[in-house]
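Novice: Sequence:
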Amino acid sequence: MLRRDAAGSGIITNRCRENRAREGSIAQWCRGDHSSLSTYQCSPPVNSLVLYKVRPARVVSVGEKIEIELDGGHKRVRPKDVALLHPGPLHRLADLAPQEGELHAAWELLEGSETNLKDLAELAFDAFTPATAWAAWQLVSEGLTFSGTPEQIQARPREAVERERAEREAKAAEERDWHAFLERMAAAAPAPEDRDRLGEIERLAHGQSEHSRILAALGHQQTPENAHRALVQVGHWHASYNPYPARCGVPTRDPELPVPALVEEDRLDLTHLAAYAIDDEGNQDPDDAISVDGDRLWVHVADVAALIDAESEIEREARARGANLYLPEGVVNMLPARVTDALGLGLQPISPALSFGMLCNAAGEIEDIQVHRTWVRVERLSYDWVEERLQEGPFAAIRSLVEPFRARRHADGATGLDLPEVSIRVEDGQVRIRPLLRLGSRAMVTDAMLMAGVAAGRFCLERGIPIPYATQALPEGLDTATDLAAMYARRRRFKPTRLTGTPELHAGLGLPIYTRATSPLRRYSDLLVHQQIRAELSGGSGLSEEEVSARVAQAELAAASVRRGERLSNQHWKHVFLRENQAWRGDGVVVDSDERKVTVVIPDLAFEARVRSRDAAGLNERLRLTVTEVDVPALTSGFRILG
Numbered sequence: 001m002l003r004r005d006a007a008g009s010g011i012i013t014n015r016c017r018e019n020r021a022r023e024g025s026i027a028q029w030c031r032g033d034h035s036s037l038s039t040y041q042c043s044p045p046v047n048s049l050v051l052y053k054v055r056p057a058r059v060v061s062v063g064e065k066i067e068i069e070l071d072g073g074h075k076r077v078r079p080k081d082v083a084l085l086h087p088g089p090l091h092r093l094a095d096l097a098p099q100e101g102e103l104h105a106a107w108e109l110l111e112g113s114e115t116n117l118k119d120l121a122e123l124a125f126d127a128f129t130p131a132t133a134w135a136a137w138q139l140v141s142e143g144l145t146f147s148g149t150p151e152q153i154q155a156r157p158r159e160a161v162e163r164e165r166a167e168r169e170a171k172a173a174e175e176r177d178w179h180a181f182l183e184r185m186a187a188a189a190p191a192p193e194d195r196d197r198l199g200e201i202e203r204l205a206h207g208q209s210e211h212s213r214i215l216a217a218l219g220h221q222q223t224p225e226n227a228h229r230a231l232v233q234v235g236h237w238h239a240s241y242n243p244y245p246a247r248c249g250v251p252t253r254d255p256e257l258p259v260p261a262l263v264e265e266d267r268l269d270l271t272h273l274a275a276y277a278i279d280d281e282g283n284q285d286p287d288d289a290i291s292v293d294g295d296r297l298w299v300h301v302a303d304v305a306a307l308i309d310a311e312s313e314i315e316r317e318a319r320a321r322g323a324n325l326y327l328p329e330g331v332v333n334m335l336p337a338r339v340t341d342a343l344g345l346g347l348q349p350i351s352p353a354l355s356f357g358m359l360c361n362a363a364g365e366i367e368d369i370q371v372h373r374t375w376v377r378v379e380r381l382s383y384d385w386v387e388e389r390l391q392e393g394p395f396a397a398i399r400s401l402v403e404p405f406r407a408r409r410h411a412d413g414a415t416g417l418d419l420p421e422v423s424i425r426v427e428d429g430q431v432r433i434r435p436l437l438r439l440g441s442r443a444m445v446t447d448a449m450l451m452a453g454v455a456a457g458r459f460c461l462e463r464g465i466p467i468p469y470a471t472q473a474l475p476e477g478l479d480t481a482t483d484l485a486a487m488y489a490r491r492r493r494f495k496p497t498r499l500t501g502t503p504e505l506h507a508g509l510g511l512p513i514y515t516r517a518t519s520p521l522r523r524y525s526d527l528l529v530h531q532q533i534r535a536e537l538s539g540g541s542g543l544s545e546e547e548v549s550a551r552v553a554q555a556e557l558a559a560a561s562v563r564r565g566e567r568l569s570n571q572h573w574k575h576v577f578l579r580e581n582q583a584w585r586g587d588g589v590v591v592d593s594d595e596r597k598v599t600v601v602i603p604d605l606a607f608e609a610r611v612r613s614r615d616a617a618g619l620n621e622r623l624r625l626t627v628t629e630v631d632v633p634a635l636t637s638g639f640r641i642l643g
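Residue numbering for the sequence shown follows full-length UniProt numbering, starting at 1 and increasing by one per position.
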């Protein structure tokens, strides 16, 4: 056993000198103090031990190039590609057997000093042979206690060794933990402590990052769809989890902001008029209602701008959200819930409203427009309930007032696309899809709201009030559409509605001037119109045209993300429905075709799919379908035509 005595490093130095004098050194062999043969163009002897990259090699022959033997074969290399470890003789690489020695004691004796490979081998193993030279070099190449070249090796200080040893042990523990985690992932059995790591995959699944080290290590492509699959497979996400609101970057919770109290102000009392808020069963944000006063139609709209000042924090939050997010699993509001509780029409005995009164002549033109801050008393009704009573008193009167307007719109080119629509709800974990029938009550309310939009637009235009107008360009070569295939083709030719600072034709609605003004609880642009109108009614000054344009641009960018989140979420839940109903059978109507496949619309699901067809199928032909496969993360489902 080596011991450090009082003489300390002097003993080591003397011993090293004796060894060099007795057997010579690598420096003598190469006639120069260097570790690379390229420095002096030295050629190592035949049967010497050299280092090739990080592997031991035996020199077989020496010439312009050196032939070396490696474990697994021979190779010809340049002299500068190898470094001499021992001059030999080494007859077989198999002779480089593991050595027993005093490695740690050698480091303790040499700590902080410098040596060479020959002296280190003799100190640690009491001999300098090819086998001990290779064993000593492995210690150096490990880099913990020693570092350097064969001719110049440093024994690292204890503090540095202990620090690096701790780092290596921590890294090794981390690697063991990492591989154990990957094994749990491969076995679809993550542990509770894996939650933070799984957040990396969640970020990719939500579109918040582009890479996942975990997915790459598991051999999966780094895509949101694969991340979704992985999270479902290991049970971190429920099989029906909807990632699209987060992936589209839209808020998934209502804003939590203080709501001011309603300010007292003069209002026209219209509580003597019966007012009806007609909407889908279960609607939670009623923001419009209809009254009839003789020949005058009133459309009352929740007076949201009475609470939401144009420069308030709530307004900025609503602008950043753009619109309510309507998901099958629930609604995420752009305004705090207290705003709806206070202002939703019919949620309180008497409600404040911004009311649009108008007459409609026999030609369907809007006349005698009035806009007032009002008090109204509202009764909430469903479309289905009103549908059964359309011929009765107040509803018959409303129909008679809106019918000339509807006729005028259609005469001016309004497009009535009778494409299938459905209501999708997730209730108690079950997906429920219900077709929306073409109800006369729904059409009646739609026309009344459009009349209010025309009235609001004309009111603002005549007074020079800057607001966003809704416009839509007229497609070229538009034919009359009477069947599903024609309507499908026609819809694809229409461009989206745009909001502009000047009134232009809205081709789809058949209106030369129109603004959205009847949904301020749900849509920011409607709230902005109300704020501008209220500023006029109170004698104040509203926002400038530039300010309106800037705010609309911000809100529409957010609203586009909301609409995308809604569309993708609806698709997601339709695929979940098909996955949970593998025995589903239904009809698909052919709306387009090519040589191999047909495009069908499934009315019961408002679902579009491509289906392989052996026989040529004509447009509008009904095909009986069954579902064959469903991939929820990829939003794809396959169908087969039943014979």
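No lab work stands behind these hints: they were computed from the structure.
Watch out, some of these pointers could steer you wrong.
[Stated by the list, open to error] In silico lysine-lysine, DSSO-like type, Cα no more than 30 Å apart, as pairs:
(1) LYS171 x LYS65
(2) LYS80 x LYS53
(3) LYS171 x LYS75
(4) LYS80 x LYS65
(5) LYS75 x LYS53
(6) LYS65 x LYS53
(7) LYS75 x LYS65
Novice: For each hint, tell me whether it holds in the structure or not.
Specialist: Comparing the hints with the structure gives:
no., hint, result
1, LYS171 x LYS65, "violated (41 Å)"
2, LYS80 x LYS53, "holds (11 Å)"
3, LYS171 x LYS75, "violated (36 Å)"
4, LYS80 x LYS65, "holds (10 Å)"
5, LYS75 x LYS53, "holds (13 Å)"
6, LYS65 x LYS53, "holds (16 Å)"
7, LYS75 x LYS65, "holds (10 Å)"
This entry does not satisfy hints 1, 3, going by the numbered hints stated previously.
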